[in-house]
Each structure stands twice: as C-alpha cells, then as structure tokens.
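Peer 1: Numbering (our numbering), first residue to last: 1 to 454.
Just so you know, not all the hints are guaranteed correct.
Unchecked claim - Result set (DSSO-like, lysine-lysine): computed pairs, CA atoms no more than 30 Å apart in a straight line:
hint : residue 1 : residue 2
1    : K352      : K416
2    : K336      : K416
3    : K352      : K336
Since the hints were made in silico from the structure, they are not lab data.
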Amino acid sequence: MTSSSSEGPPAPPRRLLLCTDLDRTLLPNGRQAESAGARSLFARMVQRPEVTLAYVSGRDPALVAEAITQYDLPRPAWVVADVGTSILAVTGEVWERDAGWDGLIATDWAGRAAADLLPLLEGVPALTLQEPHKQGRHKLSFYVPLEADAQSLQQELERRLREEGLAASVIHSIDEAAGVGLVDVLPASATKLHAVQFLMARLGFDRGNTIFAGDSGNDLPVLQSDLASILVANADPHLIERLGSGGDGGRHLYVARGDFMGMNGNYSAGIVEGVLHHCPGAAAWLEPLPHLNGRGEVRMVEVGDRPHTLRQATAEGLITMAPAVLQAVMEGSSVKGDVLAVARVAAIQAAKRTSELIPLCHPLALSGVDVAIAPQQGRSALRVEVTARTTGPTGVEMEALTAVQVALLTLYDMVKAQDPAMTIGPVRLLRKEGGRHGAWSHPASARSALSVEG
1 MTSSSSEGPP APPRRLLLCT DLDRTLLPNG RQAESAGARS LFARMVQRPE VTLAYVSGRD
61 PALVAEAITQ YDLPRPAWVV ADVGTSILAV TGEVWERDAG WDGLIATDWA GRAAADLLPL
121 LEGVPALTLQ EPHKQGRHKL SFYVPLEADA QSLQQELERR LREEGLAASV IHSIDEAAGV
181 GLVDVLPASA TKLHAVQFLM ARLGFDRGNT IFAGDSGNDL PVLQSDLASI LVANADPHLI
241 ERLGSGGDGG RHLYVARGDF MGMNGNYSAG IVEGVLHHCP GAAAWLEPLP HLNGRGEVRM
301 VEVGDRPHTL RQATAEGLIT MAPAVLQAVM EGSSVKGDVL AVARVAAIQA AKRTSELIPL
361 CHPLALSGVD VAIAPQQGRS ALRVEVTART TGPTGVEMEA LTAVQVALLT LYDMVKAQDP
421 AMTIGPVRLL RKEGGRHGAW SHPASARSAL SVEG
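Work the whole structure out from these sequences, hints included.
Peer 2: Below you can see the structure in the form of structure tokens.
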C-alpha cells in the first residue's frame, strides 16, 4: 500500500483510513487474552495526524460511546453503527448522523422502517426478536440458536422480503461470549462494506489507503472484498479456516498470527500487526520506545555508554492543612512528636530507594540529599524542597521528585487524625543540571512556582 525505495525502508502513508470492528476485534471482550500494552500501541498509531479512525460496529451509537469510555479507546473521527445502517461524524463530544447515508439506504426498503418488516417474517421458528434498544431505523435484529442452518435461514428471509419488492441483506454472526447466533436484516446497500465504501468516497480515500479489521460474520462482506483487511487471531476458528490460506477471503485479507513485537495477535495486537503487514511504512510511526526491546517487551534503558557527570535536581511540593495543625507541627507539639524530623528522614530514605519504587528506574549512588521543609508564605501550608546529587550516567530528577512525594505523604500520615482534609500538591521539578541536555529550570522556578499560588 506504500511506495518503497531500494535505498531505504518503505515510506509511511500520507493518509490512511483505518476502519475497525469493536467487539472481539478491538475490544478484548472475547475468551482469549489481550497482550499487555497492545491497546496503547494501537492508540499511539491511530493518533497520528495521517490516520482517520472509524469504528464500524453492530452496536448502536450509545453503546459505541459506552465502549469508548469503558475501554478508554481513542476518539474516532467517524462511527459506523448498527451493522452499517447508521453513519455518524464525531467532532469533539458531538456525534452528527449522516442524513445522506440514511436517504441512500432508505430506498432499498421503499421508505419502510425496520418495524414494518416484522410481520413479513412471522412464522420463522428459529427467530427470536432482540430487545428494542438493539433495533434500528434500518436494522431488524434477531437471536437464533447456534445450531440453526444459517444459509437456509438467510435464503428464506431474503425470499420473503424480495417477494414484497424489498432489497435486503441478511447477515448472520455469532456472539461468542453469549453463546448465541445473531441475524440482522438490513437494506441491501447498508452492510459494513457499503458503509465503508461510502466513507471512502465521502473522505477521498481509495483501496490503496483504506484498511478494515474484523473478527466475525457481520464483517464478512468486507473481509471477502477487494479492500485491504485484517482478521484478528482471536476470530472464530471456523471463520479463519474459511477465509484464510486460500479460502474464500478477499485477496487482500491478512490473518493475524501473533509473535509480532512479542504480542499474540488478538484484538488490538492483531490490528497493529495487520496494519504493518498491509502498510510496512507505518512502522515509522512506532519507532522503538527506549523502554521496549525489539519484541515489544519491557527492558531497562542502557546507560552504560553515557559519560559520568555531576548531576543535580531540585523538586518541590506543597501540603495544605488547618492553621491549628500547622502551628502544632511547627512548634513540635503534635501528638506524634517531631513531625518535621520524621518527614526529612523519610525524604532521604525515599531518594535512596527510588529505583525500588519506580519501574525501570536505574539505581544511583547519591552523593547528597538536602531536604528543606518550611511554612508557605501567605498560606496555611508546608513547602517541601529536595535537592539530590550524584555523579553518574543518568539524572536524579526521579530521586528528587520521589523524595518530595514521600515527605508529603509522611507529613499527612503523622497528622491526619487532626486534619484528614489536608491536600497534597502540586509537586514539580524546579531545576536540573548536568547530562547531555545541560541545565533546565521550571519557567516559574525563579520565583518558586508554588509561592505564587493562592
């Protein structure tokens, strides 16, 4: 899908329309496990400005929104809902239904709504009408037993509707989690494939820069088309067997295998794997993170080749408390004794043990830790400032910040019985020196960022 040069790696795409199903494709709500970090990698990829993201789902728009929140998914630019029978543009918090699409598919049913078709399908014993919230303006949905003859059922329903002069598609799929078959009756031009093609035309994409990912029967029209598509590794094995390895899948279908960047190919891992199969240049969007190895597994960054230089960092933080409690702390009359002394010791201990608290943080031999705790001018609060120093290959910012945080937590713990409403924060790095990047100061550090608050 991308041009390449014999002198270098493939170029990343200038534009990419990525359309993906949700349940058991992007959402890890099937029986198989999700690879750790896969969704974060997917989010990193689709947040590129070159990517237009569309969710293509059997869910209604409200349930799509619910999934986005529940699974912390990236915000799409478009949502194709109700198995392709509704298309919505997403701008911030506003979802606007595409009236052009509604008008286009309405002609298949001669202006009739889904409810008008129900009497035409009476007497088919395998059908059980789904709940009202799962129906749509142009979608009539049923449950069917897993053992039902899907092909015969589809043919019977399409025959009945055809005799009434209605052009319809009958889509069969399986809800793996619920253990039940699903049948959706749609306008003939309202499958997921037609909806994706409508989006392509609307947005100016073509087969060279569009990819679809799916896992189940209602994705078949796209998976069997000439569009570049992905079948995630956790898809129904019968579907994988049917579509993959010379089956009746589209010529451009890729079946995720796993073992890519240390992931298993399920859900979002399969989508990322498939995108890079169809579009190798997109690998440039996923340049290795320093804390990941070549298989996508967590590692500690190598710093052994860096020069040992003098490094210093200063951080500060604030804890606000009731005036009477602050007075007791400063006078040393708290019921727990010298609160400030305990907090100073806690800060030093925390700085020395930062690598045990922060994952992948290098252990450092600190040459000095200075702790200052004093009342904050104009506020009923204490300000903690910590400066950490070392001579080594990496900085001490985390040591200074960790020391401040633990000192503040210790102060809270020592007097929480007198004032449980104490508030910690903000905590920030004030300045650092040494290393490849030299000196840096917080923009507000010259006047103390905390001293001007409140």
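Peer 1: Run every hint past the structure and note whether it holds.
Peer 2: Outcome of the hint check:
{"no.": "1", "hint": "K352 <-> K416", "in the structure": "holds (26 Å)"}
{"no.": "2", "hint": "K336 <-> K416", "in the structure": "holds (11 Å)"}
{"no.": "3", "hint": "K352 <-> K336", "in the structure": "holds (25 Å)"}
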